[in-house]
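6 protein chains.
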Amino acid sequence: MPVVTIQMYAGRTKQQKAELAKAITEAVVRIALTTPEQTWVVFQDVPRDSWAIGGVLASDRP
Amino acid sequence: MPVVTIQMYAGRTKQQKAELAKAITEAVVRIALTTPEQTWVVFQDVPRDSWAIGGVLASDRP
Amino acid sequence: MPVVTIQMYAGRTKQQKAELAKAITEAVVRIALTTPEQTWVVFQDVPRDSWAIGGVLASDRP
Amino acid sequence: MPVVTIQMYAGRTKQQKAELAKAITEAVVRIALTTPEQTWVVFQDVPRDSWAIGGVLASDRP
Amino acid sequence: MPVVTIQMYAGRTKQQKAELAKAITEAVVRIALTTPEQTWVVFQDVPRDSWAIGGVLASDRP
Amino acid sequence: MPVVTIQMYAGRTKQQKAELAKAITEAVVRIALTTPEQTWVVFQDVPRDSWAIGGVLASDRP
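Chains as they are written, first to last, in my numbering: chain A, 1 to 62; chain B, 1 to 62; chain C, 1 to 62; chain D, 1 to 62; chain E, 1 to 62; chain F, 1 to 62.
Hint data in this document are derived by calculation from the structure and do not stem from the laboratory. Mixed in with the good hints, there may be bad ones.
All copies of an identical chain are treated as equivalent in the list; a pair is satisfied when it fits inside any one copy or across any two copies.
What the hints assert, rightly or not - Derived EDC-like pairs (lysine to aspartate or glutamate); straight-line CA-CA distance at most 20 Å:
1. K14 - D45
2. K14 - D60
3. K22 - D60
4. K22 - D49
5. K22 - E37
With the hints as constraints, model all of the structure from the sequences given.
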């Protein structure tokens, strides 16, 4: 443990995920006092037609 | 907040998701006393060969 | 299926959860064309000191 | 209930998922004292470039 | 990886969780071809007034 | 969006959660190019008798 799950719009590059995983893992290890190997980060890409805010799909928002 | 996550079989149309998001957001805002913009709805499409009921994948059920 | 998971601040009453479950299940059955018994709704109460927006815990926001 | 969610690297075959669903459902029914039809198993395939261990994406690890 | 998350009604004993974790981990290691140390099992206890089936909270069902 | 969910052993203080939320939000905003208000961080505290590694509950590991 810990497991960090990141739900965000699809479209982020592999490079962005690599940087996010590195930065978040460093923060978790430093603040939550665990080890890097015990810190897992999972990305869930969500298409914009599968995420609604204010009752409207993101793909339909202006 | 709130975050509403809906796991269901893949195959629903974008139109169905739009209607679901609208109806669920209205219910959450009315009953849980929050605002539309603070209500997020996320759909997770699950293929039928990745969902089992009774120990059998939905794609193998009659 | 479907499974609807609702993460929201702790503090909603059982009555509010009952109304939410009823309204959301009706919407899911009507729009996603499933049956009530196949629609599960799970509430996850999140304390305000475990939910951050804008990098600040909700319990610390004005 | 229960709902068992399995996040793992993409690449497992449908046959492996079928065997996993069967074995896990049997264990849940036997130990948690529920029925097969009330036990749902959902697989979430995660690409190796969306899963980091030790701050490094699995697709970049040796 | 993998991460197995089990949502079920609160009330299972620690002994039941220990047996479930052992049986599920054995199945995952054998079928999905991974190692025990790379298999994490997380239990989420859900109160019966936070789980609805058929639009009715489990705590209100006969 | 995004929603960042952190599952970890119960026991972290509110201060640790506040620091984690701040650091993770900064990383997400900078790398994923979103805004702080659109970045939500949710902590799920998991007791050690509800988290197994290697088929053994953390509360039973030496």
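Structure versus earlier hints, numbers of those that do not hold, lowest first: none
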